[in-house]
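Student: Mind docking chain Z on chain E? Use the hints.
As you go down the protein sequences, you meet chains E and Z in turn.
All residue numbers for the first sequence refer to the working numbering, where the first residue is 109 and numbers rise by one.
All residue numbers for the second sequence refer to the working numbering, where the first residue is 109 and numbers rise by one.
Just so you know, the hints here were simulated from the structure itself, not pulled from any lab data.
No residue lacks a Cβ here, since even glycine has one placed at the ideal position from N, Cα and C.
Just to be clear, a hint being listed does not mean it is correct.
Quick partial rundown of chain Z residues pointing at chain E, CB under 10 Å, derived from the structure [unchecked claim]: (1) 349; (2) 361; (3) 365; (4) 392; (5) 395; (6) 398; (7) 408; (8) 409; (9) 418; (10) 421; (11) 513.
Across the chosen pairs, the derived CB separations fall in these ranges [what the hints assert, rightly or not]: (12) Z:279 - E:456: 53 to 61 Å; (13) Z:430 - E:290: 55 to 63 Å; (14) E:335 - Z:290: 58 to 66 Å; (15) Z:453 - E:167: 43 to 51 Å; (16) Z:266 - E:459: 53 to 61 Å; (17) Z:167 - E:290: 39 to 47 Å; (18) E:457 - Z:167: 55 to 63 Å; (19) Z:265 - E:447: 33 to 41 Å; (20) E:152 - Z:437: 46 to 54 Å; (21) E:441 - Z:437: 27 to 35 Å; (22) Z:276 - E:403: 35 to 43 Å; (23) E:286 - Z:334: 54 to 62 Å.
2 protein chains.
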Amino acid sequence: MATRCLATIAVEAKPVEPLPPMTTTAIVHDLAATVMARCDTLGAISEEEGRLTRRSYTQAMRRANDQVAAWMRAAGMDVREDPAGTLLGHYAASKPGAPTLLLGSHLDSVRDAGRYDGPLGVLVGLAAVEQLGCVGRRLPFAVEVAAFADEEGLRFGRSYLGSMAFTGSFPPALLELRDPDGVRLADAIAAFGGDPARLGAAARRPEDLLAYLEVHIEQGPQLEARNLPLGVVSAIAGATRATLRFGGTAGHAGTVPMELRHDALCAAAQTVLIAEELARATPGLVATVGQIAALPGAGNVIPGVATISLDVRHQHDPARIAAVDELRARAQAAASARGVTLAWEELQSTSAVPMAPGLRARLARAIAAGGHTPLELPSGAGHDAAVLARFTDAAMLFVRCRGGISHHPAEAVDVADVAAAIAAVGRWIDDLAGEPYP
Amino acid sequence: MATRCLATIAVEAKPVEPLPPMTTTAIVHDLAATVMARCDTLGAISEEEGRLTRRSYTQAMRRANDQVAAWMRAAGMDVREDPAGTLLGHYAASKPGAPTLLLGSHLDSVRDAGRYDGPLGVLVGLAAVEQLGCVGRRLPFAVEVAAFADEEGLRFGRSYLGSMAFTGSFPPALLELRDPDGVRLADAIAAFGGDPARLGAAARRPEDLLAYLEVHIEQGPQLEARNLPLGVVSAIAGATRATLRFGGTAGHAGTVPMELRHDALCAAAQTVLIAEELARATPGLVATVGQIAALPGAGNVIPGVATISLDVRHQHDPARIAAVDELRARAQAAASARGVTLAWEELQSTSAVPMAPGLRARLARAIAAGGHTPLELPSGAGHDAAVLARFTDAAMLFVRCRGGISHHPAEAVDVADVAAAIAAVGRWIDDLAGEPYP
Numbered sequence: 109m110a111t112r113c114l115a116t117i118a119v120e121a122k123p124v125e126p127l128p129p130m131t132t133t134a135i136v137h138d139l140a141a142t143v144m145a146r147c148d149t150l151g152a153i154s155e156e157e158g159r160l161t162r163r164s165y166t167q168a169m170r171r172a173n174d175q176v177a178a179w180m181r182a183a184g185m186d187v188r189e190d191p192a193g194t195l196l197g198h199y200a201a202s203k204p205g206a207p208t209l210l211l212g213s214h215l216d217s218v219r220d221a222g223r224y225d226g227p228l229g230v231l232v233g234l235a236a237v238e239q240l241g242c243v244g245r246r247l248p249f250a251v252e253v254a255a256f257a258d259e260e261g262l263r264f265g266r267s268y269l270g271s272m273a274f275t276g277s278f279p280p281a282l283l284e285l286r287d288p289d290g291v292r293l294a295d296a297i298a299a300f301g302g303d304p305a306r307l308g309a310a311a312r313r314p315e316d317l318l319a320y321l322e323v324h325i326e327q328g329p330q331l332e333a334r335n336l337p338l339g340v341v342s343a344i345a346g347a348t349r350a351t352l353r354f355g356g357t358a359g360h361a362g363t364v365p366m367e368l369r370h371d372a373l374c375a376a377a378q379t380v381l382i383a384e385e386l387a388r389a390t391p392g393l394v395a396t397v398g399q400i401a402a403l404p405g406a407g408n409v410i411p412g413v414a415t416i417s418l419d420v421r422h423q424h425d426p427a428r429i430a431a432v433d434e435l436r437a438r439a440q441a442a443a444s445a446r447g448v449t450l451a452w453e454e455l456q457s458t459s460a461v462p463m464a465p466g467l468r469a470r471l472a473r474a475i476a477a478g479g480h481t482p483l484e485l486p487s488g489a490g491h492d493a494a495v496l497a498r499f500t501d502a503a504m505l506f507v508r509c510r511g512g513i514s515h516h517p518a519e520a521v522d523v524a525d526v527a528a529a530i531a532a533v534g535r536w537i538d539d540l541a542g543e544p545y546p
Numbered sequence: 109m110a111t112r113c114l115a116t117i118a119v120e121a122k123p124v125e126p127l128p129p130m131t132t133t134a135i136v137h138d139l140a141a142t143v144m145a146r147c148d149t150l151g152a153i154s155e156e157e158g159r160l161t162r163r164s165y166t167q168a169m170r171r172a173n174d175q176v177a178a179w180m181r182a183a184g185m186d187v188r189e190d191p192a193g194t195l196l197g198h199y200a201a202s203k204p205g206a207p208t209l210l211l212g213s214h215l216d217s218v219r220d221a222g223r224y225d226g227p228l229g230v231l232v233g234l235a236a237v238e239q240l241g242c243v244g245r246r247l248p249f250a251v252e253v254a255a256f257a258d259e260e261g262l263r264f265g266r267s268y269l270g271s272m273a274f275t276g277s278f279p280p281a282l283l284e285l286r287d288p289d290g291v292r293l294a295d296a297i298a299a300f301g302g303d304p305a306r307l308g309a310a311a312r313r314p315e316d317l318l319a320y321l322e323v324h325i326e327q328g329p330q331l332e333a334r335n336l337p338l339g340v341v342s343a344i345a346g347a348t349r350a351t352l353r354f355g356g357t358a359g360h361a362g363t364v365p366m367e368l369r370h371d372a373l374c375a376a377a378q379t380v381l382i383a384e385e386l387a388r389a390t391p392g393l394v395a396t397v398g399q400i401a402a403l404p405g406a407g408n409v410i411p412g413v414a415t416i417s418l419d420v421r422h423q424h425d426p427a428r429i430a431a432v433d434e435l436r437a438r439a440q441a442a443a444s445a446r447g448v449t450l451a452w453e454e455l456q457s458t459s460a461v462p463m464a465p466g467l468r469a470r471l472a473r474a475i476a477a478g479g480h481t482p483l484e485l486p487s488g489a490g491h492d493a494a495v496l497a498r499f500t501d502a503a504m505l506f507v508r509c510r511g512g513i514s515h516h517p518a519e520a521v522d523v524a525d526v527a528a529a530i531a532a533v534g535r536w537i538d539d540l541a542g543e544p545y546p
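Just chain E, same shape as in the assembly (with noise of 0.2 Å):
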């Protein structure tokens, strides 16, 4: 991989000639490629010998943030770490008392993770501060890269950690929390040099910032399926999450006859099979059971209990709840139908979170305007920018990824893709910038 931009971005650049003066398209191909080789170097970044585990506030979150680190600053920007260990890089505005466009996404991952999944964001926001950078150029307002600390959640069970405390919304009772190893996330922080007793400190006031915009693998298939390397994000879907206990009775296989069973593993199965009717039925809904049980668990024996977990997803919550509304109806018929019992727990129920219409707008015009159809789609996942929307006006952009696969070693992005998405956020920050692209 070649760099040929600026010392700025000379950290990976092997020593090369002088060279002609190089057109956009050849410097954001440059710097996609450049993306891709800090997305490897980061995935060797690792907790575990021959994956990539990256849990937040630990030696590998440390290694990774000061690799990030460096790079911000050959891009010339000021570097730090707020109180809740989120590393910022910020590059200046033209004025002082500008405000703050905030690029952004997370660095910690999921055990046996992708090495896309966060770090692309963070790189590509890096990338655009590059293209400036490239020229010396500066605009009406600061361009911030944000890392945030614990996205993933993995260690402690939350997520959002990084993101919460630069918006002024970390509980503070999180600080107990402990991780499998018994370590507290107060404890933790202060080890990875962070400081839990100035979290407040980490809040940033929402009028000084202009917009925050995430780039993110889609971890999907739509893009895919529709050859679409960008896609800009409409919402956050909301999503109710609950645990499903059918208790029936169990018996001999081959003793009981059926008119006799109350089997409990039937009516999970049924429930199994209206999940999955409705969200067809329903667009934009999806539903999944992805966790099941039934005791006592032997092949000749009737499962007597029978566990599932659900979850739903709509980006509009009167969908999503009258849905689940329903589902539950006709889960506790099947039910009933068969002497079962069911017990639903609702373990948790978010609302969607719109992204701002005007950044999307303008996402969908910098996608077009590098002869992409711009597809609007929902994230059925959850990001920062969930956290952010709540605080400032948000947007999201998605690049496609392969096979849809994500939290998986097997998560891959083009090169072509990342350079297209450095393009339309170039584009996107000039529009934002009043500086109208061709």
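Tutor: Below, chain Z without anything else, positioned relative to chain E:
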């Protein structure tokens, strides 16, 4: 519990004063109380503190065999163990060279077992001999009571070890089986006092046997549902056992729209319902999915793999085979409709074993003579009778059990039902002996 019959069953009897002559009914009720008390005694002989687990060829099994042997000797029987460890008590015929009527079941148990599955059949057989001995009666055939070694198969994973040796159908290769502690079956038999090198000598000649009768708890709810104490087994059902593995595509529960999913669990769930529907629509068929698993098994991940067990039974083989064929075709269609693969692994297919029609008719008459409706029903569970039926005429008498529960400490039978069973077996023996009962 008092026993008022003869010295032959005086093991538990407290010293009592001389009694007036008893009616048959009174004797039967005393014998039933004795059987109940003996089931309690055996139920306390366990490998584990606080629950009943009695695997074959263990010290607990040794104590159980020795206890029953003592009762057999007290009943005037010649007692021995064959080379496979099956306990045999012989009550001689009125004349030498007569054939032998075999009554029996087993004394080994499942883990955390009830106290009646197995012992009840041995002890009702013993009670039948005691009923003869009470009055010094000899029949034109010998009566032998068998406690077959290892019917449940808990220790070595193979059932019917004792009855296979008894019928000369024991595969010698099984001697190399090892229990979870690595003990070879051959060594376990030898340590128990058997003779693994002479298992062939355990084999009886079919021409020496008159018939085999096994009394057993129903292990199902049909007799209780009809308020009947006893049932005649029509056949031991044939069974097909299979593992079905559905292979789809894992994906993010929030980001993959329904129309792009290949959800392995949805295909599996539909198959669970197909099995239920097919069994409900086919008289006498039972179909059970007792085990189910979805991988990767997270609430927010679409299952890429789902596995289910399948257990299909019917007393008529063609009905079972046709049902399995239809189920397989419909499961394949459920998978294909979702772009999911199905791998069907048949683990076992055993034919139904009909009980001898003549013996069944005599059992039905004997039950009716006791004032009860003789219900014929298949046995969905396997029994030593399935092995014996390939060797001699065999029959089974089912005794109502509470709630249809078996293989569980809550296993329960009523003493009145045990009395009805003893009376029915007594009449059935009279019938075989050519001595009509009223």
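Student: Is it true that the C-beta distance of residue 276 of chain Z to residue 403 of chain E lies inside 35 to 43 Å, as the hint says?
Tutor: holds (41 Å)
Student: Lying within 43 to 51 Å: is that true of the beta-carbon distance residue 453 of chain Z to residue 167 of chain E?
Tutor: Given about 46 Å between the Cβ atoms, the range holds.
Student: Holds or violated: the 54 to 62 Å window for the beta-carbon distance between residue 286 of chain E and residue 334 of chain Z?
Tutor: holds (58 Å)
Student: Please check whether residue 265 of chain Z and residue 447 of chain E have a Cβ separation lying inside 33 to 41 Å.
Tutor: holds (34 Å)
Student: Given a cut of 10 Å on the nearest C-beta pair, is the interface hint for residue 349 of chain Z held or broken against chain E?
Tutor: holds (6 Å)
Student: Given the hint of 55 to 63 Å, check if residue 430 of chain Z and residue 290 of chain E actually sit that far apart at their C-beta atoms.
Tutor: holds (59 Å)
Student: Residue 418 of chain Z was flagged as interface toward chain E. Is the shortest Cβ-Cβ separation under 10 Å?
Tutor: Given a least distance of 8 Å, the restraint on residue 418 of chain Z holds.
Student: When the nearest CB of chain E is found for residue 392 of chain Z, is that gap smaller than 10 Å?
Tutor: holds (8 Å)
Student: Does residue 395 of chain Z hold up as a contact with chain E if the rule is Cβ-Cβ below 10 Å?
Tutor: holds (8 Å)
Student: A range of 58 to 66 Å was offered for this pair. Does it hold for the Cβ distance of residue 335 of chain E and residue 290 of chain Z?
Tutor: With Cβ atoms ~59 Å apart, the hint holds.
Student: Can residue 398 of chain Z be said to touch chain E, with a Cβ gap under 10 Å?
Tutor: Holds, because the Cβ-Cβ distance from residue 398 of chain Z to chain E comes to roughly 5 Å (cut-off 10 Å).
Student: Verify the interface restraint on residue 421 of chain Z: the C-beta must sit less than 10 Å from at least one C-beta of chain E.
Tutor: holds (5 Å)
Of the numbered hints given earlier, the model fails none.
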